[in-house]
Amino acid sequence: MARSLLMVSRRAPWSGLGAREALDIVLAGGAYELPVAMLFMDDGVLQLVKGQAPQLLEQKNLGANLQALPLFGIEALFVCGASLAERGLSAEHLALDARIMQASDLAMLFNQYNEVITL
Amino acid sequence: MATLHVVSSPPFTDSRLNSCLRVLGPGDALLLCGEAVQALREPSPMAQTLSALPAGALYALGEDCDARGLEQTLARQVDYTAFVALSLAYDRVNTWL
Amino acid sequence: MKFAIAVFSPPYAPATRRALRFTEAALAAGHEIVRVFFYGEGVHNASANLVVPQDEQNIGAQWQALIQAHALDGVVCIAAALRRGVLNTEEATRWARPAANAVATLELSGLGQLHEAVQGADRLMCFGGD
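Protein chains in written order, with the numbering used here: chain A, 1 to 119; chain B, 1001 to 1097; chain C, 2001 to 2130.
This is chain A alone, in the form it adopts within the complex:
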């Protein structure tokens, strides 16, 4: 049975390569049909905000790649509710259909995966 991986993405979208390189790990896993899930936490939740215009910063649209996750077979997408609240965000602001998790549920979420990478 394939070993499962949870990718915890904590970086803001337009601040360096962290957000992109976390997503690349997930997409590669999906391409190999491996059980990979993604949790957006801390500044990572900012990747999911609707209505962003990265072309104004001359950056590629990370949001479009995030939308492609289900096409790569990555459907287990989670967001940390506390991280959203801290940043004045809620479900209605999000462009992606991700399950909102309470902080107290995150340890249990980690326990469901063989490995975790927190970038």
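Keep in mind the hints are simulated off the structure, nothing from the lab. It should be emphasised that the depicted structure is a prediction, and the values quoted were computed from it without experimental measurement. We put the CB at the ideal spot given by N, CA and C, even for glycine. Do not rely on the hints blindly, as some may be mistaken.
[What the hints assert, rightly or not] Computed, partial: chain B to chain C, Cβ under 7 angstroms:
| # | residue |
| --- | --- |
| 1 | Ser1009 |
| 2 | Gly1034 |
| 3 | Tyr1080 |
| 4 | Leu1088 |
| 5 | Thr1095 |
[Stated by the list, open to error] To be clear about the criterion: a stretch of chain C counts as covered by chain B if any three or more of its residues have a C-beta under 8 angstroms from a C-beta of chain B, and this derived list gives those stretches:
| # | region |
| --- | --- |
| 6 | 2016 to 2028 |
| 7 | 2117 to 2126 |
Following the hints, position chains B and C against chain A.
Chains B and C in isolation, oriented as in the chain A frame:
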């Protein structure tokens, strides 16, 4: 099914330790290394928070404590041999990169 | 037991030295290193051009030496390497760049190699950040 969390970032200027403490669950453990060992300096609000962790849940890389002249009693100090053993004693190791 | 080691930090980050000492300890304890995968800023550990003051530790060179001495499978993420200017001869030729600066003992390959290592190991250890 428990996780060993590893945090190395400076605890007073970086949010990773606080985020980790938010996620830490029953049975999980925390290994502080690098600048993160500064969190063990008592008395400090951060050290106070760490002292509330369950017994046996807190580890620190010994070389990082010694290098910084930190004498602490909150965490069990380990060397690399023990770090390797520790990494296998849990179901996964989550390093806060 | 089998370890997959992933290094996300550059040669001069304490985390990279920590990764090296951990890997040495794992080998000393008789464990197997399935692969060392360099990603993100970790790709700089593959540079053959690292020049470090004589009174400092050249962790990048030590990583290269460890990988060679133990015949470890050292892999560098090609996408991460290219955007950071770490190229082997093949890539330097392909992209018409003036210099190939990656050591030959580390292979430039895709993220699939990280996933393959995770699948083949008992434990994934990531090192990075500070």
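Verification of the supplied hints:
{"no.": "1", "hint": "Ser1009", "in the structure": "holds, 5 angstroms"}
{"no.": "2", "hint": "Gly1034", "in the structure": "holds, 5 angstroms"}
{"no.": "3", "hint": "Tyr1080", "in the structure": "holds, 4 angstroms"}
{"no.": "4", "hint": "Leu1088", "in the structure": "holds, 6 angstroms"}
{"no.": "5", "hint": "Thr1095", "in the structure": "holds, 4 angstroms"}
{"no.": "6", "hint": "2016 to 2028", "in the structure": "holds (count 7)"}
{"no.": "7", "hint": "2117 to 2126", "in the structure": "holds (count 5)"}
Taken one by one, the earlier hints all hold for this structure without exception.
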